[in-house]
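Could you slot chain B onto chain A? The hints should help.
Number of protein chains: 2
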Amino acid sequence: MPANEITLPTASDFHIHLRQDAMMRMVVPRVAEGGVSLAYVMPNLRPPITSTEQALTYKAHLEKLAPNVTFLMTLFLSPDLTPDEVRRAKQAGIVGGIIFMATLRPLARPHHVPLSPFPGVKSYPRGVTTNSDSGIESYEIYYPVFKVMEEEGLVLNLHGEIPSDDEKVCKSNLHETWQTSPNCDSISGIPFSLLHQDVCFMNAEEKFLPHLAQLHADFPKLKIVLEHATSKAAVDMVKSLGDTVACTITVHHLELIVDDWAGQAHHFCKPVAKYPHDRKALRDVVAEGHSRFFLGTDSAPHPHTAKETAHAHAGVFTTPLVLPYLATILDSFGALDRLQGFACEFGKRFYGVVEKDGHGGRTVTLKRTSFAVPQTYNFEADVVVGTEAGGVVPFWAGKEVGWRIVKG
Amino acid sequence: MPANEITLPTASDFHIHLRQDAMMRMVVPRVAEGGVSLAYVMPNLRPPITSTEQALTYKAHLEKLAPNVTFLMTLFLSPDLTPDEVRRAKQAGIVGGIIFMATLRPLARPHHVPLSPFPGVKSYPRGVTTNSDSGIESYEIYYPVFKVMEEEGLVLNLHGEIPSDDEKVCKSNLHETWQTSPNCDSISGIPFSLLHQDVCFMNAEEKFLPHLAQLHADFPKLKIVLEHATSKAAVDMVKSLGDTVACTITVHHLELIVDDWAGQAHHFCKPVAKYPHDRKALRDVVAEGHSRFFLGTDSAPHPHTAKETAHAHAGVFTTPLVLPYLATILDSFGALDRLQGFACEFGKRFYGVVEKDGHGGRTVTLKRTSFAVPQTYNFEADVVVGTEAGGVVPFWAGKEVGWRIVKG
Numbered sequence: 071m072p073a074n075e076i077t078l079p080t081a082s083d084f085h086i087h088l089r090q091d092a093m094m095r096m097v098v099p100r101v102a103e104g105g106v107s108l109a110y111v112m113p114n115l116r117p118p119i120t121s122t123e124q125a126l127t128y129k130a131h132l133e134k135l136a137p138n139v140t141f142l143m144t145l146f147l148s149p150d151l152t153p154d155e156v157r158r159a160k161q162a163g164i165v166g167g168i169i170f171m172a173t174l175r176p177l178a179r180p181h182h183v184p185l186s187p188f189p190g191v192k193s194y195p196r197g198v199t200t201n202s203d204s205g206i207e208s209y210e211i212y213y214p215v216f217k218v219m220e221e222e223g224l225v226l227n228l229h230g231e232i233p234s235d236d237e238k239v240c241k242s243n244l245h246e247t248w249q250t251s252p253n254c255d256s257i258s259g260i261p262f263s264l265l266h267q268d269v270c271f272m273n274a275e276e277k278f279l280p281h282l283a284q285l286h287a288d289f290p291k292l293k294i295v296l297e298h299a300t301s302k303a304a305v306d307m308v309k310s311l312g313d314t315v316a317c318t319i320t321v322h323h324l325e326l327i328v329d330d331w332a333g334q335a336h337h338f339c340k341p342v343a344k345y346p347h348d349r350k351a352l353r354d355v356v357a358e359g360h361s362r363f364f365l366g367t368d369s370a371p372h373p374h375t376a377k378e379t380a381h382a383h384a385g386v387f388t389t390p391l392v393l394p395y396l397a398t399i400l401d402s403f404g405a406l407d408r409l410q411g412f413a414c415e416f417g418k419r420f421y422g423v424v425e426k427d428g429h430g431g432r433t434v435t436l437k438r439t440s441f442a443v444p445q446t447y448n449f450e451a452d453v454v455v456g457t458e459a460g461g462v463v464p465f466w467a468g469k470e471v472g473w474r475i476v477k478g
Numbered sequence: 071m072p073a074n075e076i077t078l079p080t081a082s083d084f085h086i087h088l089r090q091d092a093m094m095r096m097v098v099p100r101v102a103e104g105g106v107s108l109a110y111v112m113p114n115l116r117p118p119i120t121s122t123e124q125a126l127t128y129k130a131h132l133e134k135l136a137p138n139v140t141f142l143m144t145l146f147l148s149p150d151l152t153p154d155e156v157r158r159a160k161q162a163g164i165v166g167g168i169i170f171m172a173t174l175r176p177l178a179r180p181h182h183v184p185l186s187p188f189p190g191v192k193s194y195p196r197g198v199t200t201n202s203d204s205g206i207e208s209y210e211i212y213y214p215v216f217k218v219m220e221e222e223g224l225v226l227n228l229h230g231e232i233p234s235d236d237e238k239v240c241k242s243n244l245h246e247t248w249q250t251s252p253n254c255d256s257i258s259g260i261p262f263s264l265l266h267q268d269v270c271f272m273n274a275e276e277k278f279l280p281h282l283a284q285l286h287a288d289f290p291k292l293k294i295v296l297e298h299a300t301s302k303a304a305v306d307m308v309k310s311l312g313d314t315v316a317c318t319i320t321v322h323h324l325e326l327i328v329d330d331w332a333g334q335a336h337h338f339c340k341p342v343a344k345y346p347h348d349r350k351a352l353r354d355v356v357a358e359g360h361s362r363f364f365l366g367t368d369s370a371p372h373p374h375t376a377k378e379t380a381h382a383h384a385g386v387f388t389t390p391l392v393l394p395y396l397a398t399i400l401d402s403f404g405a406l407d408r409l410q411g412f413a414c415e416f417g418k419r420f421y422g423v424v425e426k427d428g429h430g431g432r433t434v435t436l437k438r439t440s441f442a443v444p445q446t447y448n449f450e451a452d453v454v455v456g457t458e459a460g461g462v463v464p465f466w467a468g469k470e471v472g473w474r475i476v477k478g
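Protein sequences, first through last, are from chains A and B. Note that this note's numbering has the first sequence beginning at 71, numbered continuously upward. Note that this note's numbering has the second sequence beginning at 71, numbered continuously upward.
These aren't lab readings, by the way, just hints derived from the structure by calculation. Since this is a predicted model, take the numbers as computed values, not measurements. Mixed in with the good hints there might be a few duds.
Which copy? The list can't say, so a pair holds if one copy fits it or any two copies do.
Below 27 Å or equal to it, Euclidean Cα-Cα: the simulated DSS-like pairs (lysine-lysine) are [stated by the list, open to error]:
no.	residue 1	residue 2
1	LYS309	LYS437
2	LYS340	LYS302
3	LYS418	LYS217
4	LYS469	LYS340
5	LYS340	LYS350
6	LYS277	LYS302
7	LYS291	LYS477
One chain only, chain A, in its complex shape (with noise of 0.2 Å):
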């Protein structure tokens, strides 16, 4: 007979976007309605968080906003960042620091080519530097970096994912204003063989994988966090390697597969969900009880506006029902029991935390009964920096789930 209530400790969210302004204001406080009490926030704002007062100046917005949520801040690396700057952070009580997607560009990229959205990351040519002749970038620009966060005590947090391939660049895109022989076999002086690697989405974060294990050779002592996996190849490569290396892992990549958002903008995220022996792969993981893997929901919230349009934005909003979702995922799994550990343990004694005073200690209840997710989760407009009135449509809209979260 299944268990039709069960109590845990509040959860923590290990890898959570909590946005700016009116967005921020409608994020926050959900954060306690999904069950969640610890939340480590991103730091990619407009501008980046790449300093300490930065750091904490948005931290005190978001305890304002939900006294009751312990919030860890986290820096958006940059080679720049300077040895001093790292222990200022430590000693503010900042505790880790993101790479987001490891941006290579040629050092003469086209115009009209997007760049990263993310300034503070430098970017560098593949052949360029050393241990690039894979064809991928090389990190060695932050080893200084990396070298004082493992002094201190710093958690390195990775998106792990190479860029795809710049061929099109020179190919296919004569179409495009900027234009090169049809014969070009470089870009920028980088040969075409370094740039045509069949990377793409699909296999970015696999294809990422060698670099991983490289950092964590190099610095066996520095905690490293791949965030948000999605294959079955970063499982196995996380649970190969050192007990300083774990592996962060959302809701939504528990549930869905590339089907689900091919033409569906709501399940559209980076990286993106993959084939279903990927999504078996963490389900087992989790089935596992394996404590270097836990719950950072990646939870990302755009406007629906900017979903249901051309190019949608990449992100899955799950803050306001956390537990919910993740309750009866597991459960449709048969690992309902693997919860507790998953999503409220293995995370805090990874990154060695604990919640600030009165934190600890509280419980949530759920309670097995089914409820429609809402369709929408409004913000308001925002008058001072000219954004207007909008929606941001949750994962599984409208859908039931079969958990409620009935105290806590």
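What follows is chain B alone, placed relative to chain A:
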């Protein structure tokens, strides 16, 4: 010095969706605008075209809208089609019959799971018919139809994808209305082992290919066209088979990879675009000038409101600019000299068809000159069927193409 002007015979599009009503009235006149004078017309109307009479009525509508285009008609195949109807079709000049995506569903499919949009094709569960121990459905139910088609010389067109795993229906959709035991190991008596083959949109075509080989072995004289191939595996398979098996390739699959439809509804189509190495295989076989690979655009217009939404319809609209797109794309990989064979000759040769009286011998001239693709093609409201006015966003809307039709 590359040519700056080329003159070709008008092209043939061996896979086109011309729609009905207001959409049809917008699309059909665009066929000739794209440099095409022969259109092989898909029968997936509402209701689908399953009889000679329907096909001839539809053809009369099309010819009225575009008297200068040769329309070759097809039937929507169903196992119910009688040998007499096949013979009647042949006598009436119908050229082929198509099976869209092979639909396998458990017999007692839960009511909330969407059925195939093509009700003409019957569904049979895996494991029930022979030849299905690989977990994919059998075509033997169609064999009487294929036999008469082979005898009569009709062409079999195949949408070569098998359906994705149904595993989710049972295992993870507990949040939906329909529920099973969390530990269920079958649906309607079909064991999960047969429903769990790692099939998804990225490998559905490759996993179909053994069926193509089997059909060809069983009906060696039946002309079979694998429609809108997207994978290296498909190219390799068709090459390996006999002269009665051919393959259409769309405009957009020569250009797109998976990254391009991730979050980009106007690039979403079925089969989905795949890896860079798959696109390269399609380009290579066109560059090679292989005569069993020819143009079938699968141009499939949808109102932009059906694309820029939570659940986008599948299809890319290329009809108005087929030759400008193709010249630009083939030029980009140095295969402009293959345009004539690919777009104008190989298809007609394989099918053994000629254009209707007075249509042969026309030419079209393309000039190397840039112009912007329109943002939209508008269609009118249809008071009879009660549909609203709207617009269709074409492929590469707003982008530059490098070749323009200047005469033809």
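Hints, one by one, checked against the model:
| no. | hint | verdict |
| --- | --- | --- |
| 1 | LYS309 <-> LYS437 | neither (33 Å within a copy, 58 Å between copies) |
| 2 | LYS340 <-> LYS302 | both (16 Å within a copy, 25 Å between copies) |
| 3 | LYS418 <-> LYS217 | within (23 Å within a copy, 66 Å between copies) |
| 4 | LYS469 <-> LYS340 | both (23 Å within a copy, 25 Å between copies) |
| 5 | LYS340 <-> LYS350 | both (19 Å within a copy, 24 Å between copies) |
| 6 | LYS277 <-> LYS302 | both (12 Å within a copy, 20 Å between copies) |
| 7 | LYS291 <-> LYS477 | neither (40 Å within a copy, 69 Å between copies) |
Hints 1 and 7 from the earlier list are contradicted by this structure; the remaining hints agree with it.
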